[in-house]
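Residue numbers (numbering that gives the first Met the number 0), protein chains in the order written: chain V, 0 to 465; chain X, 0 to 230.
Hints are computed from structural coordinates only; laboratory data are not their basis.
You may find that some hints are simply not true.
As the list claims (entries may be wrong) - Here are the simulated DSSO-like cross-link-like pairs (lysine-lysine), alpha carbons at most 27 angstroms apart as the crow flies:
| id | chain 1 | residue 1 | chain 2 | residue 2 |
| --- | --- | --- | --- | --- |
| 1 | V | Lys5 | V | Lys368 |
| 2 | V | Lys368 | X | Lys135 |
| 3 | V | Lys121 | V | Lys249 |
| 4 | V | Lys300 | X | Lys14 |
| 5 | X | Lys14 | V | Lys5 |
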Amino acid sequence: MSTILKVAFRNILRNRRRSFMTGSAVAAGVTAMLLFGGFANYIFTSLETRSVQQTGHLTVFRSGYFLFGAGNAAAYGIDGYRSLVEAIRLDRELGPMINVVTPTQSLLGIAGNFADGNDASKTFLGIGVIASDRDRMRQWDEFKTGLITPPDPRFSDKEESHGLVGLGLARILLLCRPLALNCPAPPEQVARKSAGPVNADIADLAGREAGGVAAKADGLPQIDLLAATAGGAPNVVNLTVAGADPQGVKELDDNYVEMPLGLAQQLVYGRAEHKVTGIVLQLNRSEDMPAARARLAQLFKERGADLEVRDFSELNPFYGQVRGMFSAIFLFISLVMGMIVLFAVVNTMTMNVMERTSEIGTIRAMGVKRGGIRWQFIAEGALIGAIGASAGTVFAILVAALVNHGGLSWVPPGNANPVPLSVYVANRPGLILRAWTILVAVSVVAALLPANRAARLSVVDALRHV
Amino acid sequence: MPPVVRLTHVEKTYKAEAIEVAALRGIDLEISPNRFSMLIGASGSGKTTLLNLIGCIDTPTRGTVEVAGQQIGTLSDDALAEFRARNIGFIFQNFSLVPVLSAYENVEYPLLLVGMPAAERRDRTLAMLEAVGLAKQAKQRPNELSGGQRQRVAIARALVKGPQIVLADEPTANLDSATGAAIIDLMRRVQAESNTTFIFATHDPHLMSHADQIVTIRDGMLIDPTPGAAA
Ligand SMILES: Nc1ncnc2c1ncn2[C@@H]1O[C@H](COP(=O)(O)OP(=O)(O)OP(=O)(O)O)[C@@H](O)[C@H]1O
Ligand SMILES: [Mg+2]
Numbered sequence: 000m001s002t003i004l005k006v007a008f009r010n011i012l013r014n015r016r017r018s019f020m021t022g023s024a025v026a027a028g029v030t031a032m033l034l035f036g037g038f039a040n041y042i043f044t045s046l047e048t049r050s051v052q053q054t055g056h057l058t059v060f061r062s063g064y065f066l067f068g069a070g071n072a073a074a075y076g077i078d079g080y081r082s083l084v085e086a087i088r089l090d091r092e093l094g095p096m097i098n099v100v101t102p103t104q105s106l107l108g109i110a111g112n113f114a115d116g117n118d119a120s121k122t123f124l125g126i127g128v129i130a131s132d133r134d135r136m137r138q139w140d141e142f143k144t145g146l147i148t149p150p151d152p153r154f155s156d157k158e159e160s161h162g163l164v165g166l167g168l169a170r171i172l173l174l175c176r177p178l179a180l181n182c183p184a185p186p187e188q189v190a191r192k193s194a195g196p197v198n199a200d201i202a203d204l205a206g207r208e209a210g211g212v213a214a215k216a217d218g219l220p221q222i223d224l225l226a227a228t229a230g231g232a233p234n235v236v237n238l239t240v241a242g243a244d245p246q247g248v249k250e251l252d253d254n255y256v257e258m259p260l261g262l263a264q265q266l267v268y269g270r271a272e273h274k275v276t277g278i279v280l281q282l283n284r285s286e287d288m289p290a291a292r293a294r295l296a297q298l299f300k301e302r303g304a305d306l307e308v309r310d311f312s313e314l315n316p317f318y319g320q321v322r323g324m325f326s327a328i329f330l331f332i333s334l335v336m337g338m339i340v341l342f343a344v345v346n347t348m349t350m351n352v353m354e355r356t357s358e359i360g361t362i363r364a365m366g367v368k369r370g371g372i373r374w375q376f377i378a379e380g381a382l383i384g385a386i387g388a389s390a391g392t393v394f395a396i397l398v399a400a401l402v403n404h405g406g407l408s409w410v411p412p413g414n415a416n417p418v419p420l421s422v423y424v425a426n427r428p429g430l431i432l433r434a435w436t437i438l439v440a441v442s443v444v445a446a447l448l449p450a451n452r453a454a455r456l457s458v459v460d461a462l463r464h465v
Numbered sequence: 000m001p002p003v004v005r006l007t008h009v010e011k012t013y014k015a016e017a018i019e020v021a022a023l024r025g026i027d028l029e030i031s032p033n034r035f036s037m038l039i040g041a042s043g044s045g046k047t048t049l050l051n052l053i054g055c056i057d058t059p060t061r062g063t064v065e066v067a068g069q070q071i072g073t074l075s076d077d078a079l080a081e082f083r084a085r086n087i088g089f090i091f092q093n094f095s096l097v098p099v100l101s102a103y104e105n106v107e108y109p110l111l112l113v114g115m116p117a118a119e120r121r122d123r124t125l126a127m128l129e130a131v132g133l134a135k136q137a138k139q140r141p142n143e144l145s146g147g148q149r150q151r152v153a154i155a156r157a158l159v160k161g162p163q164i165v166l167a168d169e170p171t172a173n174l175d176s177a178t179g180a181a182i183i184d185l186m187r188r189v190q191a192e193s194n195t196t197f198i199f200a201t202h203d204p205h206l207m208s209h210a211d212q213i214v215t216i217r218d219g220m221l222i223d224p225t226p227g228a229a230a
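I would like the entire structure built from these sequences, with the hints used as guidance.
Structure, rendered in structure tokens:
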């Protein structure tokens, strides 16, 4: 065995140039796979971090809400949610796993801006949250991505009627000027014509229910939010728009309203019992998800509550889609690199066998079996592959380190702001092992063909070959 | 003593592009053990073909070959390799050393094939290099040795495992006459010391004087098949 490796290694050195070219092909393959794989890993991790920061790991809903509730959120309120939140927080099993547990209320409605002679309205998609919990969730960074958002001072627990909207919604509601946003004005005639009977009705309702609408002393604009209560009656609340942020996806950007939980509850439930649509759990560690889920199911059973749990990948289908796409690209790159390595190694090993035909004859005459010849050339292919793959690994780690410290940034799809660009290679031993093993295995497979040909040579024919 | 090689009615025909070439045409031959035998014949007469059969790296078209008491026609390819590893040493015209191995490693190689323990392997290899006068060159690779030195490494390699038979196919053809003569002297000496059967093929009749037994071949047939003609 050691002779086989010794002979293999020395022959690789002997055909230095040829071995170098082949090894380089393997190295390039591993480098490509590791850099792309490392980038994909970074994408998965930052996407997971973002998702967990926004929607937590798990959300508890009334059964059926996730599939049917979006059209009628008010009907799927969780009864007695305060005691449930407390129970989860104090649970001996769940408690230690949990970073944040917080109730949220989703709602649909119509938002209108009728102040200062404006006359604009738009359906909206609202979410009521507890600002301090939201801020704490945004600090979650289990994987040390550095993607932490500082607490948002525009919307804290103190302001009971302050909220944020999507940039698109702000534009549509003609809030660009009052919010000092840099966005275009609507075409003149359309804007003037759009005032219709619906707006008049809403304005009416708002005027009646919430009193006159005027800009507040702090200069922030106010809008009216209209929705149907759980009982079916129309209801209006007043929201002070503290800011507008781009939301990445236009649909969301044009619809998004974030408001204090209390305000959302007031709008949806009026004077009836205040409920919530979801209870969000953010765990300390993502790997606790299955355990937490299991314990929640047990807890619901004990309490006889008809609730269900969804995780962040169910709430953000985008996460799974991106994972799927990157995995497919990784597979494709692996295939291309595998083919290149296959051809390079087949070519080199075929040349090696041809050149050493008479040597093969000699050692066969001395008593080396066919299997011994086969192993000799397989070992050579494997060794070239292993050396090349190891060099490629080192190279990829260096390049990744360079990228990570190079201060590059980019805007991921669905994101509104640039984030630092990273490549996770050195801290992904599984990825390294996979890329390395795949291309070494391809090298072995590629060597198999020439090795078999060498083993099948007749001794006499091989000896006559000069 | 029974002959160490016995060929009975051996024929060997090569098929080259539909033309059949009869390289050996009915050979009956016995070779006595522990002799320095010489196989003499013109170029193309069939010397290499005959040696290949004796060396168990080729099989006859007809007839039987028995080497060291073993019918070789009945053995599988692996068994034949095993048999060669234990019983037969080869010396080739073009030296045929493994280029990436040193003189020492080339000589050691056959001992690895028979699985000899390391300490014994080392002693034997060093002794053999000493015997062919290359103790100082042990670490050198073949391309750092002269032709004569290479052939001496090849002789050491063929003999190191103490085989029953050593086959040398024109081992001096690529050497100048003085070096060739030295190689023949060396082979004679180690043959006598090691009690091995040596079969030496050459087309040079001048070397006949060195032989214990002479076999002459012409056009694939033996001219004087009487065994042990000279003594
Ligand atoms: N593989 C082969 N295919 C076809 N013919 C062959 C083959 N090997 C040998 N021959 C023929 O068989 C005959 C004997 O060849 P062989 O090599 O045994 O001769 P030789 O005595 O060793 O000659 P030399 O002294 O030149 O080495 C020659 O006519 C040769 O052309
Ligand atoms: Mg010949």
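Note to self: Does Lys249(V) sit within 27 angstroms of Lys121(V), going by the straight-line distance between their CA atoms?
What the structure shows: holds, 14 angstroms
Item checked: Given hint Lys368(V) paired with Lys5(V) - CA-CA distance at most 27 angstroms -> Cα-Cα ~18 angstroms, so holds.
Margin query: Hint check: Lys368(V) vs Lys135(X), CA-CA at most 27 angstroms. Holds or violated?
Written below: With a Cα-Cα distance of about 32 angstroms, the restraint between Lys368(V) and Lys135(X) is violated, given a limit of 27 angstroms.
Check: Do the alpha carbons of Lys300(V) and Lys14(X) lie within 27 angstroms of each other, as the hint requires?
Finding: violated, 86 angstroms
Note to self: Holds or violated: Lys14(X) and Lys5(V), Cα atoms, limit 27 angstroms.
What the structure shows: Measuring from Cα to Cα gives roughly 39 angstroms; hence the hint is violated.
When each numbered hint is compared with the structure, violations occur for hints 2, 4 and 5.
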